[in-house]
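So the chains spell out like this:
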Amino acid sequence: MTIKLYDFELSGNCYKLRLLMSILKVPYEVVPVDFYPGREHRADWFLELNPFGQLPVLQDGEETLSDSGAILVYLARKYDRSGRWFPDDPATMAEILRWHAVGDDLTSTVSAARLVLGMFYDFDLEKAQKGAHRIFRIMDEHLWFGEKDGRDWLCRPAHPTTADIACFPYVMLSEEADVSRQDYPALRRWTDRVRRIPGFTVMSGIFPAGPAREAQAAS
Amino acid sequence: MLPCDDGFMKPDKLIDPVTRDLWQVIAATDEVPVGAVETTLLLDAPIALTRDEQGQPVVWLRTVEEAGDEIDADEIVERLPVLVRYGYIWTSLGKPPTDIFPIPEYAEPDRKNMSCGSIGVNVSAPRAVENFLDMGHFPYVHTDILGAEPHTEVKEYDVEVSEERDEVLATRCRFFQPRAALSATEGIEVEYVYRVPHPFCSVLYKSCPEDESRRDVIAIFLQPMTQDRCRAHLLQSMVDSVSTITELRRFQQTIFGQDKPILENQMPRRLPLDPRAETPIRADTSAIAYRRWLSRKGIAYGVIPQAG
Amino acid sequence: MTLSIDDARWHPIASSDDLPFRHVFHGQLLGRELAVWRADDGNVNIWENRCLHRGVRLSIGINEGGELKCQYHGWRYANRSAGCTYIPAHPADAPARRIQNRTYPVREAFGLVWSAPSENAAFPDLPRAEDRAWLPLRPMPVNAAPEDVAAGLAKALDAEGPHGLTVRAGDAVYFVQPVDSGRSVIRGLVSDPTTDTIPLLREKNRTLAKLRDRLERSAARKPAPAPLQPTYEKVSAELATMPDIAVPHGGTMIVVVKRKWQTARGVTGFELADRSGSHLPTFQPGAHIDVHLPTGLVRQYSITNGPGELLSYVIGVKREEVSKGGSHALADTVREGDLLTISEPRNNFPLRRDATRTLLVAAGIGITPILSMARFLDKSDLPYELHYFVRDADTAAFRDRLDVLRGKVTVHDALARDAIRQTIGEALGRWSFAQHVYICGPGSMLEMVRALAAGLDWPDEAVHFEYFKNDRVIDDSSSFEVELARSAMTLQVPAGKTILEVMREAGVTVLSSCEQGACGTCMTTVIEGEVDHQDVYLNESEKRANKAIMTCVSRAKSARLVLDI
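Residue numbers (our numbering), protein chains in the order written: chain A, -17 to 201; chain B, 1113 to 1420; chain C, 312 to 876.
Don't read these hints as lab results, they were simulated from the structure.
Do not take every clue at face value.
As a list, the in silico DSS-like pairs of lysine-lysine whose alpha-carbon atoms are at most 27 Å apart [said to hold, decoys possible]: (1) K7(A) to K(-14)(A); (2) K112(A) to K515(C); (3) K858(C) to K1267(B); (4) K521(C) to K466(C); (5) K808(C) to K854(C); (6) K854(C) to K1267(B); (7) K521(C) to K109(A); (8) K868(C) to K854(C); (9) K1224(B) to K1318(B); (10) K60(A) to K109(A); (11) K521(C) to K112(A); (12) K690(C) to K719(C); (13) K808(C) to K868(C); (14) K109(A) to K533(C); (15) K569(C) to K466(C); (16) K466(C) to K533(C); (17) K533(C) to K545(C); (18) K515(C) to K130(A); (19) K466(C) to K515(C); (20) K1267(B) to K1224(B); (21) K858(C) to K808(C); (22) K1207(B) to K1409(B); (23) K858(C) to K545(C); (24) K112(A) to K533(C); (25) K(-14)(A) to K60(A); (26) K533(C) to K521(C); (27) K1409(B) to K545(C); (28) K130(A) to K545(C).
Produce the complete structure using the sequences and hints provided.
What follows is the structure in structure tokens.
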């Protein structure tokens, strides 16, 4: 049975799942949910799927799952035969889940500010933007020292993990929250690297990067 | 020299008389619940709107004290003019004409008419109109949907400014598209007609995959919130018996969501009307006509007028 | 010290490490936003962060290695010159050369990238800079006024100064980059670092982060300064209209022969460079230059370069057995170090980059424009196939450059005419949508390919070639009147005589060279009247524009022509 993704195109959290399924070449079917302007995530039928009224929801056979970070782990464990997107090592797992939490913090900052500016939600814009900059500063420092140490990704493995997927969308969508990335050059370079992962796909608001050195050399 | 920064003209909040007297879109009617008060910004002015018990919109200039929810629409005395057209509420800060531009197709009984959301964009309304008229960006911004490299050519098309209807009209616009509409399955050369019947609104007609004799209508109505920020209201009037409203909305939001990062990276945010501000090419014939038309009308809001 | 937008000094704007392979860095100096990118040849470009077409930030564009591609409409801008080389909306046209982004001076030193509003200011002196190793610290952006940051830095480090925006403290030097009136980046350098640099970098980073927090707290207590107000320069009046009517200006320049070598039997390679080491003007694939020979003749040679290669032009010259003196003069008498006058590049053989398949066919010296085309397509990962026909294997020129291409490149040597015909026929195949073929070689080769292509349903507009010689039969049967506006003279041009001849008979001095409508030397601006173009110098859009005439062959369709002479 095909995986069903209850999805809103402009949601960064939904995009996390589309992105990982595209990279892992997992076929799925989209069930569009009219989050805006239709507010269908508050409709009874949707609350049956997820009482928290949040997108995305993923159905795989008997399983109905919600929370993008949790679903990322599910997809990686179930469909990534290489085992690299969510490896077994306990310390690495903890590290990845730590960055999943940063991904959630980006939702409550970048995504909140984006909803205020783009869809006129009633959140505290200034607080959300300040919070976003605080996270970006920490990420930029982490990634800058990572580069010096030969680490390209958020976590210790030499391969990207679900942590990178969990943080990527709302970093890339930050301009829609009026949060510029100009002061975070290492963060900008990391977004290039994520966009060069084979199987990468875009969403509205995110453009692809140019080809990487590997692609140049290989072809 | 042109100012880089849009703050250059501030605190100039003067609204030119042409803009002041226009009808301006402020909300999709269905998205304003009866009894609830919504607030928004129009031409730097804070305004409030609600619908009375009969469902009729009531719009007024908001003063600081007014909290919102406790307001009873019947008590509002100083009301702004109101017009309901194409599923949207329109108002004006000046003396508007009796009606707005026609979109006759909207009344055809078998069409699926829908709002596709009102989306805030950090760019002036005229920049957003100009982007709506542009085909050259399809392969780069709407990749694999409205265009794809290497099919990048913008063929010659016709542009006229209709004196009688006072609108810019671009016809015979053709572009090779891998997936022009939700109901399209393979690449075709799509033909478009673009109208700019209002300084901040544009309507496009495109070949309909389901019925060759008819055309789908997509309109963008821009609500100028400030000189360099607007709210885009998207209307679709489709001949499509298969797709659901949710699917059609998703398609249009996908497209506009792709335009948004481009629009928000344009500098300056206001549209420069000086011909030497930017570099037009033949593909930009409609944009050139639009800029001249705005200049001639004396529109000064959301633009950098030509000096002298 | 007050910060001024006219501050002419050099400031660091990035670390060298901020510019990895195919990245575009988003920078800012004194309020001006910058798009900063390193080309594959190592050159660093600092440009105004704004595409000249519609004002979109170039920092969201794509670094293609030799060109930067704008994200909005795919316009390409060349490494070094920032000149526009391709406009995808009009793939068949060569863009007007003068669409050129604003560029800023660049220096790379001590692991930092520096810029200034102009080249005039002296580059800052670091004492004993050259005999030390420098380690750049992690840049520290601070939301505070640059002068406050510099003062706070000096105080915190217990150092003298600041000197302008520079603070020296022990083995370290700190430069405060004035991003805007209320924004700065501290860029520090440590000299002679120890082998284990990461702990040192972390320690310095901690110190600077603490300082940043302090400076930002105190900046938040003051009113925010008004951002600087940089201005955008207007584009030229010529560009404000439609660029396809840009008429060539006939400008020339002097270049030095940097290298001369035998690239194949009978073919000499010349590398021509600016005398002061600056880059040369932007060119597009398929472009050529006119070379003014010591003998007074003017000859056209195609540029073989790839995208963004503007430090020199490389041309190939075949030593013809029968020659009017062109190739002999170049190949035999011009030596390395000699100076030559050349024209700015012109393009009558533009390459479309919107093909699903591009077939490149070259014969003999015809490889020169085809090589440039292949190198552009190669860099952009566009599909192409190159067939190069030579008489003998050792006459195949520029083999080293062909060998590094990643597309399908085949050198065919010593094929009989029938075999050539068969090879090209197979390569062409039946035409399908968005396929294009480019041919450069002797006239007989062009005719063969054109005939083969026509037989395989290739439409005329998909078959591209260039004439260096005007083989057309000139129709000189018309008679008309020519008014020379500046000379205040009206002349009658009878059938059988050229405008050039009539002008000379009347005592007007006019320069000319090939006198067959191929070199552009006699080009004259048209003020009034309709031109009957018979030259091969102007391209189709330039001819349509009716703004210039080659007086050696072209005539008038109208009864009267008014020329700007």
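Restraint status (C-alpha distance of K569(C) to K466(C) at most 27 Å) | violated (53 Å)
Would you check the hint for K808(C) and K868(C), treating anything up to 27 Å between C-alpha atoms as holding?
-> holds (15 Å)
Proposed proximity, K1267(B) with K858(C) (alpha carbon, max 27 Å) = holds (24 Å)
Hey, K858(C) versus K808(C), does the alpha-carbon distance stay inside 27 Å?
-> With a Cα-Cα distance of about 22 Å, the restraint between K858(C) and K808(C) holds, given a limit of 27 Å.
Is K533(C) within 27 Å of K545(C), Cα to Cα?
-> Cα-Cα ~36 Å, so violated.
Going straight from one Cα to the other, do K466(C) and K533(C) come out at no more than 27 Å?
-> holds (19 Å)
Pairwise hint evaluation, K112(A) against K521(C), where the allowed Cα distance is 27 Å at most | holds (18 Å)
Straight-line alpha-carbon gap K533(C) to K521(C), limit 27 Å = holds (19 Å)
Sort out whether K60(A) lies within 27 Å of K(-14)(A), counting only the CA atoms.
-> holds (15 Å)
Hint consistency between K515(C) and K130(A) [alpha-carbon to alpha-carbon, up to 27 Å] = Measuring from Cα to Cα gives roughly 14 Å; hence the hint holds.
Mind checking the alpha carbons of K109(A) and K533(C) for me, to see if they're no more than 27 Å apart?
-> holds (20 Å)
Agreement of K854(C) and K1267(B) with the hint, judged by alpha carbon distance not exceeding 27 Å = holds (19 Å)
The structure fails to meet hints 10, 15, 17, 20, 28 from the earlier list, while all remaining hints are met.
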